[in-house]
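Using the sequences provided together with the hints, build the complete structure.
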Amino acid sequence: MADMSTSEDIASTQGEEGTRRDFIHLLAGMTAVGATAAVAVPLVDQMNPDASVKALATKEAVIDSIEPGQVVTVVWQGKPIFIRRRTKKEIEEAKTIPMKILKDKIARNLNTEDKAPATPENRIAAGREEWVIVVGICTHLGCIPLGPNETGAGGDWHGWFCPCHGSQYDNLGRIMKGPAPENLLIPVVEFLSDTKIKIG
Amino acid sequence: MIIKILVMKMGKLSIKRVALSALLPLLAGALWTGGVAQASGGGTREPVEVEWSFNGPFGHYDKAAVQRGFQVYKQVCSSCHSLKFVAFRHLGEKGGPFHADKCPAGFPDNIDCANPVENPAVKAIAAEYDIVDGPDESGDMFTRPGTPADYFPNPYPNKQMAILANGVVPPDLSLMAKARAGGPDYIYSLLTGFEEAPDHVDIGPGVYYNPYFPGDLSSAIKPEYLDEHGHPKEGIHVPEGGVLKMKPPLVDNIVDYADEEIPETVDQYAKDVGQFLMWVAEPKMESRKQTGLMVLVYLLIFGGIVYASYRQIWSKDEH
Amino acid sequence: MSHESNYVPGSAIERFLDKRLPLIRVASEFMEFPTPKNLNYWYTFGAILTVMLMVQIVTGVVLAMHYTPEKTMAFASVEHIMRDVNFGDLLRYTHANGASMFFIAVYLHMFRGLYYGSFKEPREVIWMLGVLIFLIMMGTAFMGYVLPWGQMSYWGATVITSLFSAIPVVGDSIKTLLWGGFSVDNPTLNRFFALHFLLPFALIGVVFLHIWALHVPGNTNPTGVEIKSKKDAVPFHPYYTVKDGFAIVLFLIMFAVFVFYMPNALGHTDNYIEANPFVTPVHIVPEWYFLPFYAMLRSITFDLTIPFTDIVLINSKLGGVMVMFGSIIILFFLSWLDRAKVRSMRYRPWARFWFFLFVIDAVFLGWLGGKPAEQPYIAWAQGATAFYFIYFLIILPALSMFEAQPKGLPSSISEDVLSKKAKKQKAIESSIQPAE
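Protein chains in written order, with the working numbering: chain A, 1 to 200; chain B, 1 to 319; chain C, 1 to 436.
Not one of these hints is a red herring.
Here chain B is said to cover these stretches of chain C; the calculated rule only asks that three of the stretch's residues, wherever they fall, bring their Cβ under 8 Å from a Cβ of chain B:
| no. | region |
| --- | --- |
| 1 | 240–250 |
| 2 | 260–273 |
Computed spacing ranges between beta-carbons, pair by pair:
| no. | chain 1 | residue 1 | chain 2 | residue 2 | range |
| --- | --- | --- | --- | --- | --- |
| 3 | C | Ala-64 | B | Tyr-298 | 22 to 30 Å |
| 4 | B | Lys-247 | C | Phe-201 | 52 to 60 Å |
| 5 | A | Leu-43 | C | Asn-190 | 22 to 30 Å |
Please keep in mind that the hints were generated in silico from the structure rather than gathered at the bench.
All figures in this text were calculated on a predicted structure; none of them were measured in a lab.
Built from N, CA and C at the ideal position, the CB exists for glycine as well.
Here it is, written out as C-alpha cells:
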C-alpha cells in the first residue's frame, strides 16, 4: 500500500514542512483558476458590441420635411425612433392631461434629471414644443406601437397604441392605459439647427 | 556489413534522439514552406530587409511614419488602390496613427477624443472624402462628406472601370502587407525597385520591369539572344522578377511633408508607406504583442509552480 | 473500468447519487486509475490533445458568432473579426494556430504510439479509434481552412474535392454532390461551415471512446511490460494530473509564442487574398500538416497498365488518390502488420533502426510536399512514397519474425525503474570520487 499513496496521504504530511508542501499545490490550483478566469474575459467580451457597431452610436436626422401632425420613423442603433411634429391642437390637448392620472409620473427623458416629473415640459426639448422624439418601443414587452400614420387616431389618447397588449400612449409618449409600466423613452437628442437633430 | 555497423550505431538511439533528429528538419521545413520559391523563369529577387520599428517582440509602429505613410497613400496610391476593409474610425482607434488619449486644450468636455468617432482629426479626414449614400426619398443616390464610421471609398465604382483605366484591377491594399511573401519588406522593395529592363529582354509597351515582382520573363528574351532551339544563348540569363502595369508611383518631392526634417525621397516615402500598410494590415499588432508578454510571463510563473508541485508529488514515490 | 473501485460514498447526497447516477464514482475511479509509474513526457500528449480540442471548440464557437458563411461576405467577415470584434484578432489567431498545434501534438502522440508499440494487442481498438480521430481531424481542418475564403481556401477546396472525381464511374457525380453545384461556390462554403461546426462534436464522442478503450487494458509504458504488481503503478491523480498539467503549460507557452508573436508564420500569404475563381495561385500548397500526404498524392504521375498492353488499369489520377488515402487506411491495420510480441522499440534495435528511417521518410515527404511538382522532386517523392508503404507492408511484418528475441527486456516496470536509479546513483558516486 505504501506505493499507492493518494492525495490524502500527501496532504496529511505532518509538520511545518507539510504545510509548505500543501501550499505549492494550492498555489498551482489557484494559478490555474486565475488563468481560466483570464481566458474567460475575451471569450465573454467578444459578445459585446464591436467597434463597427459602437461607431454608429449617434445618428443625425434632417427634420425639415416633416409636416405638423406627421410622425417620421428613423432607425438609430437598430431601434425605431419616432419623430413627431405636433399640431397646435395636439400640444394643447397634452397640456390638459392632469398629472395625477398619469400611470408613470417620471419623465423618462435622458436629457433631464433622473427623477424629473413627466410634465409636458420635461417630455420635449426646451423651446421645441412642436417636436416629440421617443424610442418607438413599447415599454411593456418591446413591440412597436402604432401612431397616427397607421391608425389615424393613434389610440384613445391620440398618441400611440400598441397592438400587442393594448397599451395606450398620449402624444407625448406617456403611458395612459394598459400593461406598459413606463413612458416611452426619450433618447439623448440635440438640435443642431432648426432642421437637423442628432440622436445619441 | 555497413548495415550492421549502422544498426549497432542505431542501437544507441533513444526515442529522444530519434524524435529530435526528425523533428528539427520538420519544424524548419514547416516554417520554410511559407516562402517557397515562385514557379520557374528567372526567379524573384529577395526583398530588401528593412529594419522596421515594428519588428521583434517589443516592436511598435512609428506613429509619425504611419501618419506620413497615410499622407502618401492618400495623395498617391489612393487614386488607383482601394482600402476597403479600413474605416476612417480605425485611424483613431488605440494603436492607430491619429489616436488621441485626450482632446487638445480648448475642447468642450462632452467630446471624448479617445473615441475614434469623436476624434477631430479623424472627423476632418473623413469629411475630405465624398461618400456615395442613398437612395434618398426620390430614389436617387447622392454624395455626402464622409463620417468616421464610413469606409475608405473605392476609387472606381466597379471592377470594369478599374480595368478600363488600368488594364487590371489594382489590388486592394488593406491586407497587402500580409498577402505577399516578405510583407512590408516586399512593399518597400517593390516601390524602390523599379529599374530599366535588361537589354536582352523586350517587355513591350505599357508595362514596367521590377525584379521584386513575381513573374516569368523567359518568353521576353529578344530573338537575337536565343539559339536555334529557342533557348537563351550562352551567358544570357532570364532576368529576375517580372513586369507590372503600375508605373513607378513615387518620385522625389511628390508628397510635401509637414515635418521639414524628413527627406522627401522615394526611399523615405516607400518606408512610410510600408509602415502605414503594415498598420493597415495588422492594426492590433502592438496590443497583441503587449498581451503576449503578459501571457508568457504568467505561463512561465505558472509552469514553475506546477513543476514544483510535480516534483513535490513525485518525491513521495522515491523507493 | 477494469480496476476495483475504492470509492465509498460519504455523505447522504453522495449515497443518493451513487444509486442513481454514479458520476462521482466514475470520476473517482478515473482519478484512482492505476497508471504505470514510468511514463515519460511522451505520454503527456493525450492530455495536451484534450486541451487543444477544447481550445479549438471554444474559440470556434465564439468565432462562429461573428463569421458569415456566404461567399461575398466570408472574407470580409473574417476581416471584421480581425479589426472590430473585441479580442477578435486573438480569438482568430488562437483558432488558426491552434489547428497547427493540434497536429503537432497528434503527430507526436502517434510517434510515441508507434515507438512504444501502443497499438499492439490488447490495445488494437484504442489505436484504430485514434486513426479515426486523426481522419476526422483532417477533414475538420481542411474544411476550416476553406472558411476564410481566401485564394488558398478556394483552390485548396477545388483540388481536394476534385480528388473524388478520380473514382471510376461515380466520381464526377460525387464531386458535384460535394460542391452542390458545378464548381466550388456558395453552397460548398455553406455546407463546409456546417460540417466544420459539427465534426468537432463527433470528435468528442470518438475521443470519449478512445479514452474508454484505454481504461480497459490501461496505459502502455516505455518498457512495454504490463503492470504486474501494485509496485508498478501509481494512481493517475495526483501523479499524472500534475505531470500532464506541467506538460500542458509548456505546450501552451509554445502555442502562445506563435499566437502573439508569429501568428502568420504557419499560414500562407495567398490566403490574405480574397478568393478569385478565375485566377489560380502560381503554387498551391496545403497547410504544413497535410504536406506528406500531398507529396504522396502528387508522386503518382504514371498510369498502371496491364504489362505489354495499352490497357490502363489505374490511371495516375486514381492512383494518386488511392495512394494518399491508402497511406492513412494502412494505419488501421498496423496492429496486425507488426506482430512482434515485444512492444517497446527500446528492446528492438532493428525495429528502431527502420522506424528511424521511416520518420525521416515522413519528414522528407513533408518537405517534398512544399516543393513545386517538378523534377527531381517527383522522383524523390516516388521513392519516399514507396518506402512508406514498404515499411508498413514488408519491413514491419518481416521484423516481427526476425526480431523475436528482445534485448534487455526487464521483467517488470519496477525492475526497470530501480535499475535506472541504481545506474544514476553509480554515476553520481563515480563523479564524486574522481579517479586518481
